[in-house]
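S.K.: In case you want the letters, here they are:
There are 2 protein chains.
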Amino acid sequence: MKKITVGVIGFGTIGTGVVKTLENNKELFQDRIGVPVDLKWVADIDIVRDRGIAVSAERLTTDGFKIVDDPEVDIVIELVGGCGIAKEFIVRALKNGKSVVTANKALLAEHGKELFEKEEKSDGTIAFEAAVAGGIPIIKVVRESFVANRIESIHGIINGTANYIFTKMAREKISFAQALKQAQELGYAEADPTLDVDGIDSAHKLVILGSLASSTIFSMEDCYIEGIRKISEIDIDYAEKFGYVIKLLAIYKNYNGQVQLRIHPTLIPDSHLLGSVMDSYNGIFVKGDVVGSTMFYGRGAGELPTASAVLADVVDIARAMVNDTLAQRKDFTRPRQTVKVTDISDIESRYYFRFTVIDQPGVLAEIAGILGRCKISISDVLQKNAVWAMSCR
Amino acid sequence: MKKITVGVIGFGTIGTGVVKTLENNKELFQDRIGVPVDLKWVADIDIVRDRGIAVSAERLTTDGFKIVDDPEVDIVIELVGGCGIAKEFIVRALKNGKSVVTANKALLAEHGKELFEKEEKSDGTIAFEAAVAGGIPIIKVVRESFVANRIESIHGIINGTANYIFTKMAREKISFAQALKQAQELGYAEADPTLDVDGIDSAHKLVILGSLASSTIFSMEDCYIEGIRKISEIDIDYAEKFGYVIKLLAIYKNYNGQVQLRIHPTLIPDSHLLGSVMDSYNGIFVKGDVVGSTMFYGRGAGELPTASAVLADVVDIARAMVNDTLAQRKDFTRPRQTVKVTDISDIESRYYFRFTVIDQPGVLAEIAGILGRCKISISDVLQKNAVWAMSCR
Numbered sequence: 035m036k037k038i039t040v041g042v043i044g045f046g047t048i049g050t051g052v053v054k055t056l057e058n059n060k061e062l063f064q065d066r067i068g069v070p071v072d073l074k075w076v077a078d079i080d081i082v083r084d085r086g087i088a089v090s091a092e093r094l095t096t097d098g099f100k101i102v103d104d105p106e107v108d109i110v111i112e113l114v115g116g117c118g119i120a121k122e123f124i125v126r127a128l129k130n131g132k133s134v135v136t137a138n139k140a141l142l143a144e145h146g147k148e149l150f151e152k153e154e155k156s157d158g159t160i161a162f163e164a165a166v167a168g169g170i171p172i173i174k175v176v177r178e179s180f181v182a183n184r185i186e187s188i189h190g191i192i193n194g195t196a197n198y199i200f201t202k203m204a205r206e207k208i209s210f211a212q213a214l215k216q217a218q219e220l221g222y223a224e225a226d227p228t229l230d231v232d233g234i235d236s237a238h239k240l241v242i243l244g245s246l247a248s249s250t251i252f253s254m255e256d257c258y259i260e261g262i263r264k265i266s267e268i269d270i271d272y273a274e275k276f277g278y279v280i281k282l283l284a285i286y287k288n289y290n291g292q293v294q295l296r297i298h299p300t301l302i303p304d305s306h307l308l309g310s311v312m313d314s315y316n317g318i319f320v321k322g323d324v325v326g327s328t329m330f331y332g333r334g335a336g337e338l339p340t341a342s343a344v345l346a347d348v349v350d351i352a353r354a355m356v357n358d359t360l361a362q363r364k365d366f367t368r369p370r371q372t373v374k375v376t377d378i379s380d381i382e383s384r385y386y387f388r389f390t391v392i393d394q395p396g397v398l399a400e401i402a403g404i405l406g407r408c409k410i411s412i413s414d415v416l417q418k419n420a421v422w423a424m425s426c427r
Numbered sequence: 035m036k037k038i039t040v041g042v043i044g045f046g047t048i049g050t051g052v053v054k055t056l057e058n059n060k061e062l063f064q065d066r067i068g069v070p071v072d073l074k075w076v077a078d079i080d081i082v083r084d085r086g087i088a089v090s091a092e093r094l095t096t097d098g099f100k101i102v103d104d105p106e107v108d109i110v111i112e113l114v115g116g117c118g119i120a121k122e123f124i125v126r127a128l129k130n131g132k133s134v135v136t137a138n139k140a141l142l143a144e145h146g147k148e149l150f151e152k153e154e155k156s157d158g159t160i161a162f163e164a165a166v167a168g169g170i171p172i173i174k175v176v177r178e179s180f181v182a183n184r185i186e187s188i189h190g191i192i193n194g195t196a197n198y199i200f201t202k203m204a205r206e207k208i209s210f211a212q213a214l215k216q217a218q219e220l221g222y223a224e225a226d227p228t229l230d231v232d233g234i235d236s237a238h239k240l241v242i243l244g245s246l247a248s249s250t251i252f253s254m255e256d257c258y259i260e261g262i263r264k265i266s267e268i269d270i271d272y273a274e275k276f277g278y279v280i281k282l283l284a285i286y287k288n289y290n291g292q293v294q295l296r297i298h299p300t301l302i303p304d305s306h307l308l309g310s311v312m313d314s315y316n317g318i319f320v321k322g323d324v325v326g327s328t329m330f331y332g333r334g335a336g337e338l339p340t341a342s343a344v345l346a347d348v349v350d351i352a353r354a355m356v357n358d359t360l361a362q363r364k365d366f367t368r369p370r371q372t373v374k375v376t377d378i379s380d381i382e383s384r385y386y387f388r389f390t391v392i393d394q395p396g397v398l399a400e401i402a403g404i405l406g407r408c409k410i411s412i413s414d415v416l417q418k419n420a421v422w423a424m425s426c427r
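In order, the protein sequences belong to chains A and B.
Residues in the first sequence are numbered from 35 upward in steps of one, following the numbering used here.
Residues in the second sequence are numbered from 35 upward in steps of one, following the numbering used here.
Since the hints were made in silico from the structure, they are not lab data.
Since we're looking at a predicted model, the values are computed, not measured.
Glycine included, each C-beta is placed from N, C-alpha and C at the ideal position.
Fair warning: there could be bad hints in the mix.
Below, simulated DSSO-like cross-link-like pairs (lysine-lysine); rule was C-alpha separation at most 30 Å, straight line [stated by the list, open to error]:
1. A:Lys275 x A:Lys409
2. B:Lys60 x A:Lys374
3. A:Lys321 x B:Lys155
4. B:Lys155 x A:Lys60
5. A:Lys155 x B:Lys275
6. B:Lys207 x B:Lys418
7. B:Lys321 x A:Lys60
8. B:Lys364 x A:Lys54
Quick look at which bits of chain B chain A covers, simulated, 3 or more residues with Cβ under 8 Å [said to hold, decoys possible]:
9. 61 to 67
10. 163 to 170
11. 178 to 189
12. 326 to 340
Between the sequences and the hints, there should be enough to build the whole structure, so can you do that?
M.R.: Right, here's the structure in full:
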């Protein structure tokens, strides 16, 4: 091979980062692949807007299919997002024997089974480091570096928007609504913040990570999802008084022969490393049966961090193409196990309760009585005016 | 290939972890490589001692050369350590066309140039994930995941013993000597702690990491090394009052077209993630021009964490052998650049001074005067009895 030809579909934030980095670190790519990377195409609905990087007119197109159908293109970089036309691009690229690099977590979480079956039958491969936790190379770590391990658990702060909101609420003692508004003003949250604050984006990523950890393909239905809208500044305050911080955690747990997949706000001891992951940063705590406890930290989104992950995949695939070993890549994503997922109602864990009660004698006794009858023991209690908070197990 | 045959030389702590994990997670390896891994040999001077894992007598040998000369052996796992006979094993294994997996940081840092030249000419490859930071997959991350990046800086706590000592000194307000004694009693420090407390072990690892980051091969002479023996509990206390913790840092910095490689005790703001890396854990902060700030955390030593890294390399090489693509691995370690290293005396940075002075009027004025004439400005001053501590820039 004399060169590797790539086409980018989607000239938004990440696409711009990819195009910039391909240009700025050109000689790195040539050096590390052995042949140059030729960016032949950039497709977007809007090819007029200034993206801060010059792309010559003959490389710009509004038609993504032109890229997936171009026989010269080796690797299609899909950065459109969503489960609509993006899926069509990927399916057709695979059908045409091309490899695909994507950051599309929603598509992989919701149509992973179908896409990986199509990959299996094709001459191409799908790479998706950028789909989970942006610049943090967690896919490669779980898949390759921890290959000698059974993954026991993953605890991830993998939604930067939710983490930014909690950080703001804790630091500035403001409400969820105020913090969300700030996040929106700064561009950390969308006008419609549903995907982020309702935990869906985290669930997309957890389904992908969990699938790799379990050598299977989970679906969104396997994942319990609870967002952060109901957390008030009172909870943040009580958590602090108990010695915790609140984070939206994505939890994978391999326990008693079953797997738990859940997204919910969680109290983390403030001395834990994950408790120090602030602002829009991501942090992922992974426990393997051999390696023990590890953590990975970095930017989970943004133009350049995500471009770093996209381009690591491009180099991986390009090197495999130059050496004619693409098939080797696919083995890792081939599902090999059927795994039973534990229903959320069957999971026992410590819990945090907050009660707003009528302020009269005997209230705590009554609450404690009910909890006792349900075999829930109380480890800490705080009371302020008519609000009782309890840490229970 | 029907199977991958491996031999372990060195049945100490890591060797035991490797043998245990190969046995316990047998089906993982078969599954992920495609063929089984056959542990044909385990060599050690002492093959009588009980290591807590059964190895049949016909697999045990006291002669490592039997392994490197056995035509059936594909991968030699060198866990002897040091620059003596270990080097002979590796050189002969390469000569015999075998691949080598090693955790030997001293050997790679001191004879890397020679060994990688020999690797280049051989049919084998040298893999060394376990040589830096045990279970943390930092070699793969820098080499593969951050392949699209120019590495701007690395700040690593990569010696668990030194970190354990500092953690103890800070928590229990004890002296260096007392903390060292505790570390020795727990087996975290050797009877002769020189390699750890004088920064040499950290330097070995930094030379390897820095070489990868710069695409060159540095030598130990390129690295400035200062250990932790001179740090007293007073310094830990003053640092805390200034809002810092003291850590032994391994620093790689690509600055002004030159590279800095230095090991020394460093004041880290206590809010920084690296400041939360406690006990014998390792933490490595990496900044890439594309990915931004990232951190990697985990156990830097110990039987199983290091075995996890060794076996990730074994799987990488085994997969490459099964797919006949070993040559591809070598490109990454081929030195491609000449890099100028900045002398420590030419490096400007913030600094911490402690003076024990005769307690009389005018002393601070005099010290401040001297610093001022040297164009050093003082940002913080603390005084207790006749001891002055200053944070300067």
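S.K.: Against each hint, give a clear statement of whether it holds in the structure.
M.R.: A quick look at each hint next to the structure:
Simply put, A:Lys275 and A:Lys409 have alpha-carbon atoms about 25 Å apart, close enough for the 30 Å limit, and the pair holds. Straight-line distance between C-alpha atoms of B:Lys60 and A:Lys374 comes to about 22 Å, which keeps the hinted pair within the 30 Å bound. Taking the CA atoms of A:Lys321 and B:Lys155, the gap is about 39 Å. The hint is violated against a cut of 30 Å. About 29 Å separates the Cα atoms of B:Lys155 and A:Lys60, which keeps this hinted pair within 30 Å; it holds.
For the hint linking A:Lys155 to B:Lys275, the alpha-carbon distance of about 63 Å lies beyond 30 Å, and the restraint is violated. For the hint linking B:Lys207 to B:Lys418, the alpha-carbon distance of about 17 Å falls within 30 Å, and the restraint holds. A hinted pair counts as satisfied when its Cα atoms are at most 30 Å apart, and B:Lys321 with A:Lys60 qualifies at roughly 19 Å. Proximity of B:Lys364 to A:Lys54 is assessed by CA-CA distance (about 28 Å); at most 30 Å being required, the pair is judged to hold.
With 4 residues bearing a CB less than 8 Å from a CB of chain A, the segment 61 to 67 of chain B meets the requirement of three and the coverage assertion stands. Residue count for the segment 163 to 170 of chain B with a Cβ under 8 Å from a Cβ of chain A: 3. That meets the three needed, and the coverage hint holds. Counting residues of the segment 178 to 189 of chain B whose beta-carbon sits less than 8 Å from any beta-carbon of chain A gives 7, enough to reach three: the coverage restraint holds. For a cut-off of 8 Å, the count of residues in the segment 326 to 340 of chain B with a CB near a CB of chain A stands at 11, and the three-residue condition holds.
This entry does not satisfy hints 3 and 5, going by the numbered hints stated previously.
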